[in-house]
Amino acid sequence: MKINKIKILREGINSTFQDLGRSNFYHIGLPFSGAMDKRNYLIANKLVGNKNNEAVIEFAYQGPLIKIEGGNINFAISGDINFNIKKNGKLINGDCYKTYFLSKNDEIDIISTNNSVYGYFAVSGGFELKKNFGSFSTTVRASVGANNGNKISKNQNFFINDFGDNYINKSLKYINSKIEYIRILKGTNFNYFFEQSIKDLISKEFIVSKLSDRMGMRLKGPIIKNLKETNIRSEGLTKGVIQVPADGNPIIMLSDHGTIGGYPKIGAVISADYDRLAQTPSRKKIKFKLIELKEAEKLYKLYQMETENLLNQI
Amino acid sequence: MIKNILNLGDAALYCDFGNEVDQKTNIKVIKYFENIKKQNIYGINNLTPSYNKLIISFDLNVLNFTELKKKIEDIKISESDVKQNQKTIKIPTCCDDEFALDIERLSLKLNLTKKEILEKYFKKEYFCYMTGFIAGMPFLGDIDKKIRFQRLETPRVKVPKGAVGITEQFTNIYTFESPGGWNILGRTPIKIFDQLSEKQPTLINPGDKVLFYEINKKEYLKLNENK
Numbered sequence: 001m002k003i004n005k006i007k008i009l010r011e012g013i014n015s016t017f018q019d020l021g022r023s024n025f026y027h028i029g030l031p032f033s034g035a036m037d038k039r040n041y042l043i044a045n046k047l048v049g050n051k052n053n054e055a056v057i058e059f060a061y062q063g064p065l066i067k068i069e070g071g072n073i074n075f076a077i078s079g080d081i082n083f084n085i086k087k088n089g090k091l092i093n094g095d096c097y098k099t100y101f102l103s104k105n106d107e108i109d110i111i112s113t114n115n116s117v118y119g120y121f122a123v124s125g126g127f128e129l130k131k132n133f134g135s136f137s138t139t140v141r142a143s144v145g146a147n148n149g150n151k152i153s154k155n156q157n158f159f160i161n162d163f164g165d166n167y168i169n170k171s172l173k174y175i176n177s178k179i180e181y182i183r184i185l186k187g188t189n190f191n192y193f194f195e196q197s198i199k200d201l202i203s204k205e206f207i208v209s210k211l212s213d214r215m216g217m218r219l220k221g222p223i224i225k226n227l228k229e230t231n232i233r234s235e236g237l238t239k240g241v242i243q244v245p246a247d248g249n250p251i252i253m254l255s256d257h258g259t260i261g262g263y264p265k266i267g268a269v270i271s272a273d274y275d276r277l278a279q280t281p282s283r284k285k286i287k288f289k290l291i292e293l294k295e296a297e298k299l300y301k302l303y304q305m306e307t308e309n310l311l312n313q314i
Numbered sequence: 001m002i003k004n005i006l007n008l009g010d011a012a013l014y015c016d017f018g019n020e021v022d023q024k025t026n027i028k029v030i031k032y033f034e035n036i037k038k039q040n041i042y043g044i045n046n047l048t049p050s051y052n053k054l055i056i057s058f059d060l061n062v063l064n065f066t067e068l069k070k071k072i073e074d075i076k077i078s079e080s081d082v083k084q085n086q087k088t089i090k091i092p093t094c095c096d097d098e099f100a101l102d103i104e105r106l107s108l109k110l111n112l113t114k115k116e117i118l119e120k121y122f123k124k125e126y127f128c129y130m131t132g133f134i135a136g137m138p139f140l141g142d143i144d145k146k147i148r149f150q151r152l153e154t155p156r157v158k159v160p161k162g163a164v165g166i167t168e169q170f171t172n173i174y175t176f177e178s179p180g181g182w183n184i185l186g187r188t189p190i191k192i193f194d195q196l197s198e199k200q201p202t203l204i205n206p207g208d209k210v211l212f213y214e215i216n217k218k219e220y221l222k223l224n225e226n227k
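Residue numbers (my numbering), protein chains in the order written: chain A, 1 to 314; chain B, 1 to 227.
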């Protein structure tokens, strides 16, 4: 029997296995986790012919250097990524949104993301991994998920499920969309803040701090001043919630967020804008726009339709 | 019993049980949590009970705020359903100087001896209001009024796994190494969250009673599961 196997020669930054995430464990403190950019995750899996909840490798800013140790692989990379492939000793530039077939001793060097944070590496058949709490998604902070809840590290080997060795030749023409604004809804403590600070929040620019990660995005910009109380009784959080601690610098909850928090919630990013928010790299500027719930629901339907259309084109 | 339901973002309900933080209010939250969980409503993907709030997250592909709000408002839970769980969990805790990181400072601030602080701490049985923030972390209360103190002004970057802390009326256990601002009184050798036991990963659950008892360093090392 042939064994399809890869070896990690360089781990890249924050490389983890992710799928669509894990439901129904907020009450014990386990966040949703899952791919930060859901659309790109789904596209990567579709390109290699997988079902839509197969684990892929997610990386941030720089991806792994991978060597095929045995057998063959079909892979695709999604996102805005700069990567090289070494095939039969020959170096070629890789294209995102396209499947490639590689054999033993070939290499993939995922060099960097361009003006974005996350990229996805999917293989036909998926990786041979164990689910934990119903999902492959790795939550490093709780040691939960595939790979014993750890980041992928150098010299690790991973096996790939049998995929029949058929070369799948698929591609998609897609340019990751950028939006001018991150749209938000009022938070449950919207009235805890000075009117001027609310104005600042929706009219001025914020810079994404380099302290951002899968847990949260920290912003620097005009100080958001609290007129009531800088702490509330700890309560549940969800993805996209914008908390403002005493120092006045907003923090947006991302996929690995703590399930409970005690800072006032000034707003929440709408679901339709979450992928694009997560892809905003540190030192870049973002601007917010306040909208109503009904509009957010419509925008989500639109986002969902666009995603379906893209998947249908593959 | 829910006073008000708001939206938290476009994919969650924020159920408000009032401003009170006491066991009576919290038990109502827990009852709603258990009832909704049992109903297995299609589209709900997470429930987060806390002291006096319940957040219900849902899949926007399946449900929307207005539809789910109606469903939740239709749930009737009578006051008589609200009773407490009776389970008591005992947590061994070592308070040697190397583990009681903040007791010296607390002793000065509260004007009590270390021994007095620990006596007051170990005397009471606590109630678990909620678990979360990090996996399995229990939020317990209420501690003796004389040993209540605010959290650290600058939180520690790393609080060790197993650390037992207090802040305001509450006490907790750090189930993983994590940043944190609670005043640390000791450390338990017992594993509070077991990621390999998927059916029951948490030792302490909302509604449970918890009793801490003091052990010495030798016993701590013998029991240590948090290596």
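It is possible that part of the hints are untrue.
[Said to hold, decoys possible] Lysine to aspartate or glutamate pairs mimicking DMTMM-like chemistry, simulated, CA-CA at most 20 Å apart:
# : chain 1 : residue 1 : chain 2 : residue 2
1 : B       : Lys70     : A       : Glu297
2 : A       : Lys130    : B       : Glu177
3 : B       : Lys69     : A       : Asp80
4 : A       : Lys228    : B       : Glu198
5 : A       : Lys294    : B       : Asp102
6 : A       : Lys298    : B       : Asp59
7 : A       : Lys38     : B       : Asp59
[Stated by the list, open to error] Anything over 10 Å on all C-beta distances counts as not near chain B; from chain A, calculated:
#  : residue
8  : Phe133
9  : Arg233
10 : Lys239
11 : Lys265
12 : Ser271
Treat the hints as calculated values from the structure; they're not laboratory data.
The model shown is predicted, which means the values in this text are computed figures rather than measured ones.
Yeah, the Cβ is synthetic: ideal placement off N, Cα and C, and Gly gets one too.
Quiz item: Would the pair B:Lys69 and A:Asp80 pass a check requiring their Cα atoms to be no farther apart than 20 Å?
Solution: Given pair B:Lys69, A:Asp80 is violated - Cα atoms ~39 Å apart, limit 20 Å.
Quiz item: Can we confirm that no CB of chain B comes within 10 Å of the CB of A:Arg233?
Solution: A:Arg233 not clear of chain B: closest Cβ-Cβ about 5 Å, inside 10 Å.
Quiz item: Given the proposed pairing of A:Lys294 with B:Asp102, does the C-alpha separation stay at or below 20 Å?
Solution: At roughly 49 Å apart (the allowed maximum being 20 Å), B:Asp102 and A:Lys294 break the hint.
Quiz prompt | Distance restraint between A:Lys298 and B:Asp59, which requires alpha-carbon spacing of 20 Å or less | solution = holds (14 Å)
Quiz item: Has the given pair, B:Lys70 with A:Glu297, been kept, meaning a C-alpha gap of at most 20 Å?
Solution: This hinted pair holds, its Cα atoms lying about 17 Å apart.
Practice problem: Please settle this one: A:Lys265 was flagged as non-interface, so is its CB more than 10 Å from every CB on chain B? | Solution: At about 7 Å from chain B, A:Lys265 fails to clear the 10 Å cut-off, so the statement is violated.
Exercise. Run the C-beta distances from A:Phe133 to all of chain B and say if the shortest one exceeds 10 Å.
Key: violated (6 Å)
Practice problem: Take the C-alpha atoms of A:Lys228 and B:Glu198, compute the straight-line distance between them, and say whether it is at most 20 Å. | Solution: Between A:Lys228 and B:Glu198 the Cα gap is close to 41 Å, so the pair fails against 20 Å, i.e. violated.
Practice problem: Examine each Cβ of chain B, and state whether all of them lie more than 10 Å from the Cβ of A:Lys239. | Solution: Its Cβ does come within 10 Å of chain B, the nearest being 8 Å, so this is violated.
Quiz item: Is A:Lys130 within 20 Å of B:Glu177, Cα to Cα?
Solution: This hinted pair is violated, its Cα atoms lying about 24 Å apart.
Self-check item: Exclusion check [A:Ser271 not at the chain B interface, CB over 10 Å]
Solution: Label violated. Min Cβ-Cβ 5 Å, cutoff 10 Å.
Quiz item: A:Lys38 and B:Asp59: Cα distance at most 20 Å?
Solution: holds (14 Å)
Hints 2, 3, 4, 5, 8, 9, 10, 11, 12 from the list above are not met by this structure, while the remaining hints are.
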